[in-house]
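Peer 1: What follows is the residue order along each chain.
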Amino acid sequence: MNLERFKNIGIGLGFLLIQITLFRHLKIFRMQPDLVLIFLVWYMARKDRTSAILMAAGLGFLQDAMLDFWGLNMFSKTLLVFLGYNFIPKGSRARLLVGQVFLTIFVASAVHNLIFLGLNALIQNYSAEIFFWRNFLGNSLYTAAVASFIQLFRTK
Amino acid sequence: MQIRLPRIADAKDHIITAILLVIAVALMIGRYQGGLNNLRKVSITLFSYLEEPLSNVRVYRQALKTNTYLRKQNILLLDELSRLRAAGQRNEELRAMLQFTRTSDLSLYPVQIVGKELNQVSQVSNSLTVDAGTEENIKSGMPMVTANGLAGKVILTAPGYAQVMPFFNTLFRVSAKLEQSNAYGIVSWDGKTIKELQLKYIPQTVQVDTGEVVVTSGYSNQFPPDIPIGKVIRAEPQEGKETQIVYVKPFVNLYEIAEGFIVKFEPDTTIQNLKQNYEDLVE
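Residue numbers (our numbering), protein chains in the order written: chain Y, 1 to 156; chain S, 1001 to 1283.
Hints are supplied without guarantee of correctness; some may be wrong.
Here are the computed lysine to aspartate or glutamate pairs in the DMTMM-like style, where the Cα-Cα straight-line distance is at most 20 Å [as the list claims (entries may be wrong)]:
id : chain 1 : residue 1 : chain 2 : residue 2
1  : S       : K1195     : S       : E1236
2  : S       : K1041     : Y       : D68
3  : S       : K1264     : S       : D1131
4  : S       : K1264     : S       : E1236
5  : S       : K1200     : S       : E1212
6  : S       : K1200     : S       : E1239
7  : Y       : K27       : S       : E1051
8  : S       : K1041     : S       : E1052
9  : S       : K1200     : S       : D1226
10 : Y       : K47       : S       : D1190
11 : Y       : K27       : S       : E1196
12 : S       : K1249     : S       : D1226
13 : S       : K1249     : S       : E1196
14 : S       : K1192     : S       : D1131
15 : S       : K1012     : Y       : D48
16 : Y       : K90       : S       : D1013
17 : S       : K1200     : S       : D1190
18 : S       : K1116     : S       : D1105
Distance ranges between label pairs, derived from CB positions [said to hold, decoys possible]:
id : chain 1 : residue 1 : chain 2 : residue 2 : range
19 : S       : K1041     : Y       : R95       : 41 to 47 Å
20 : S       : T1045     : Y       : F149      : 41 to 47 Å
21 : S       : K1065     : Y       : I18       : 22 to 28 Å
22 : Y       : L13       : S       : K1041     : 34 to 40 Å
23 : Y       : I150      : S       : L1039     : 17 to 23 Å
24 : Y       : V98       : S       : L1077     : 46 to 52 Å
25 : S       : L1039     : Y       : A121      : 23 to 29 Å
26 : Y       : A121      : S       : I1015     : 47 to 53 Å
27 : S       : N1056     : Y       : R49       : 41 to 47 Å
28 : Y       : L22       : S       : K1041     : 21 to 27 Å
Which bits of chain S does chain Y cover? Going by a derived footprint, with three or more residues having C-beta under 8 Å, they are [stated by the list, open to error]:
id : stretch
29 : 1036–1050
30 : 1266–1278
Read the hints as simulated data drawn from the structure, not as lab findings.
All C-beta atoms, glycine included, are put in the ideal place defined by N, C-alpha and C.
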């Protein structure tokens, strides 16, 4: 395992930590962004598919462990990375526009939340607590907005 | 025809994904089982350590919200308390007035004070305006009283309103007497302090006790007799004269009253005629 991979794992854990301690509480009308997902999309754009899948599974597992969801995030994120990897623009040296970032993250987040909710409905676990549209559209939009915000202030 | 079978390396991602998804499903299904349950306990403990500092922030924020809410409630309650106190005080005043109307033999007309001028600088302009006038048969010279005692007398009337000269006016005069000794004099105000009135022309030979009640005498034919005015604070002999000044603390607090009664008292014309005849005879 090279240094860069360590660095990426560290960044991923950092994102996870920030998500769990901070962003999870920045709710607007009970909607919350998913910083881990933003990191995974960024990671997909830079690394190979296998690494991205493993990173998604690892971070998803840790997120589940922290939030007591056990498997839900791991499943959704792994499947999202597997399905969406080929659709993410890669190796582009040009800085993406905010609109592009928003749209990419929104679609990724929507797919992720759809998988999450579908799985959730399937296991009949949290369906009573979760309002479908709020989680599907609300969380996706919020996540995309946060990603756009990060893109605005990101330096090369 | 050559069939190309995919190599394992090509399907590596599919295999990894499938394994990971199976693990995820296994986690979902087996979350309440022994081994995973212990892992959950560990993760929850770890999570609580992470959450602890943030929970302090949340507690602080919650405390701030609660504080704001309580301050609002406090203001509302203070306002309500103030209004209740005012209502209670007014209730007591009205009860006293009601009691007064029951016990008094005087013909009383209830009035509300709509204007109050109690300017100490220009004492002659001190006045009260009440919401009854000529339409209610209020006439100049009629006394104004409250449940506690005399407040002043009507000096001007208009339709719907009347102007009252309160006892805190240097032009105000009323014939009064000491309740016990019946010694009579004139009550007036010297304009120096709003704490006391002066009862003049009481002979020095008359013993005046502190606390003795001063009432209207009725001798002037301007006010009905026995309306309380105040109580004696002290008496001072006048130098070079055979009389003394009796200082009286009025029963009515002009600064606090909001309503009262106009006594529909009119001077007895027979007495007035007799007085006139007497003066003519003497002259």
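Peer 1: Output the numbers, in ascending order, of every earlier hint that fails for this structure.
Peer 2: 4, 10, 11, 14, 18, 20, 22, 23, 26, 30
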